[in-house]
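First to last, the sequence lines map onto chains A and B.
One point on numbering: in numbering that gives the first Met the number 0, the residue at position 121 of the first sequence is 120, and numbering is uninterrupted.
One point on numbering: in numbering that gives the first Met the number 0, the residue at position 44 of the second sequence is 43, and numbering is uninterrupted.
It should be emphasised that the hints constitute simulated quantities derived from the structure, not laboratory data.
Just to be clear, a hint being listed does not mean it is correct.
Derived Cβ-Cβ restraints for the label pairs, each shown as a range [unchecked claim]:
(1) B:Ala54 to A:Trp16: 32 to 42 angstroms
(2) A:Phe132 to B:Leu93: 13 to 23 angstroms
(3) A:Asp5 to B:Leu76: 52 to 62 angstroms
(4) A:Ile20 to B:Leu93: 31 to 41 angstroms
(5) B:Leu93 to A:Val192: 19 to 29 angstroms
(6) B:His58 to A:Tyr14: 39 to 49 angstroms
(7) B:Pro53 to A:Gln2: 46 to 56 angstroms
(8) B:Leu93 to A:Trp16: 50 to 60 angstroms
(9) B:Leu93 to A:Ala37: 39 to 49 angstroms
(10) B:His58 to A:Phe104: 48 to 58 angstroms
C-beta atoms are modelled at their ideal positions from N, C-alpha and C, and glycine is treated no differently.
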Amino acid sequence: MDQVIDKIIDTLLAYIWSPLIALETMIADYLPGQDIAALIAYAVYVLIILAGGFLAIASRNLVRAMLGLVLTFLGVAGLYLLLACPFLAFMQILIYVGAVCVLIFFAIMLTRNTNEGEESKLPGIGSAIYGFFAFVLPLGILGPLIIINVPKLELKDYGQTDTKLLGEGLITNDVFSFELISIILLVAMAGAVFLAWRRRPTPDEAPK
Amino acid sequence: MTTLTLFLLASLLLLAIGLAGLVTRRTLVGMLISVELMLNGAGLAIVAAAKCVPASEVHGQLAALFVMGLAAAEATLVLAMILVVQRRFGKVTLDEVSIIRADGSEASH
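Please work from the sequences and hints to get the whole structure.
Right, here's the structure in full:
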């Protein structure tokens, strides 16, 4: 009985996979020497980044813009996974999606700028033209430069980076940068508290 | 198209999207979102280069981690600034906020 079920499953899987394999060989004829599955995953992640980025900069509702930002962060985390850096991918999700997005959400809520705020109006024609050039000029100038000038390099190895090596790097070679970033974070937090501190007027001081 | 080129193009895409958002957004919160997009592109470029060039890849990944830490610090500071601007001007649009002075003698124009 088990053998029959196995055979049925194998047949079904063969039916599902055979078009994909045919597609892969078809693409492989056009692009020799590329890992097709990786290319498809790359295309999917770039599409996610594009969709999220468009939502983040074009949505008239800032909460939706923040959700687009989350989508973009997840796409970049996928690209990190594709580069075989799983630790960085998880740090990306933890820090950006977990911390930075919550901060941005606080900023949106504290300024009560959700739905009928200033962003709900469409940008003026001048600002739209500036935005178009700000999008096209880096792509048009830097894109060909990258394609022409960047050395033709592939991944050094396909193995995952050992997280242990990262930890050792933090306490040996890059220990100074590590301490520096800690101080920067501390100063930024203290500065934020100082800036946002609402000074209460003392009783002998007349309130404004 | 090699791996390095593809990933650098992806980070360039993030830079372009962020720049367009920075120009078109009207409020400080929207600009903060765009800056986060650009910082993400920077981190992606660093990691892609670290995985492809023959140098040690640990340095590059740690640099990307430092970029993430800087982004968190920057977001914190900008949140505080947005709070202060909101308290003083009542709005966080850039057209309103054209004066930043310490004494507060001329709060709005």
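Q. Okay, leucine 93 of chain B versus alanine 37 of chain A on CB: inside 39 to 49 angstroms?
A. 42 angstroms, holds
Q | Outcome for the supplied range 31 to 41 angstroms, where the beta carbon pair is isoleucine 20 of chain A and leucine 93 of chain B | A | 54 angstroms, violated
(Q) Holds or violated: the 52 to 62 angstroms window for the beta-carbon distance between aspartate 5 of chain A and leucine 76 of chain B? (A) 60 angstroms, holds
Q | C-beta pair phenylalanine 132 of chain A, leucine 93 of chain B: status relative to the range 13 to 23 angstroms that was hinted | A | 19 angstroms, holds
Q) Honestly, do leucine 93 of chain B and tryptophan 16 of chain A meet the 50 to 60 angstroms range at C-beta? A) 54 angstroms, holds
Q | tyrosine 14 of chain A and histidine 58 of chain B - C-beta distance against the hinted 39 to 49 angstroms | A | 48 angstroms, holds
Q: Hint says 32 to 42 angstroms; check whether the CB-CB distance for alanine 54 of chain B and tryptophan 16 of chain A agrees.
A: This hint holds: roughly 39 angstroms between Cβ atoms.
Q: Could you tell me whether the CB distance from histidine 58 of chain B to phenylalanine 104 of chain A stays inside 48 to 58 angstroms?
A: 33 angstroms, violated
Q) Has the hinted range 46 to 56 angstroms been met by the Cβ atoms of proline 53 of chain B and glutamine 2 of chain A? A) 51 angstroms, holds
Q: Given the hint of 19 to 29 angstroms, check if leucine 93 of chain B and valine 192 of chain A actually sit that far apart at their C-beta atoms.
A: 25 angstroms, holds
The structure shown violates the earlier hints numbered 4 and 10.
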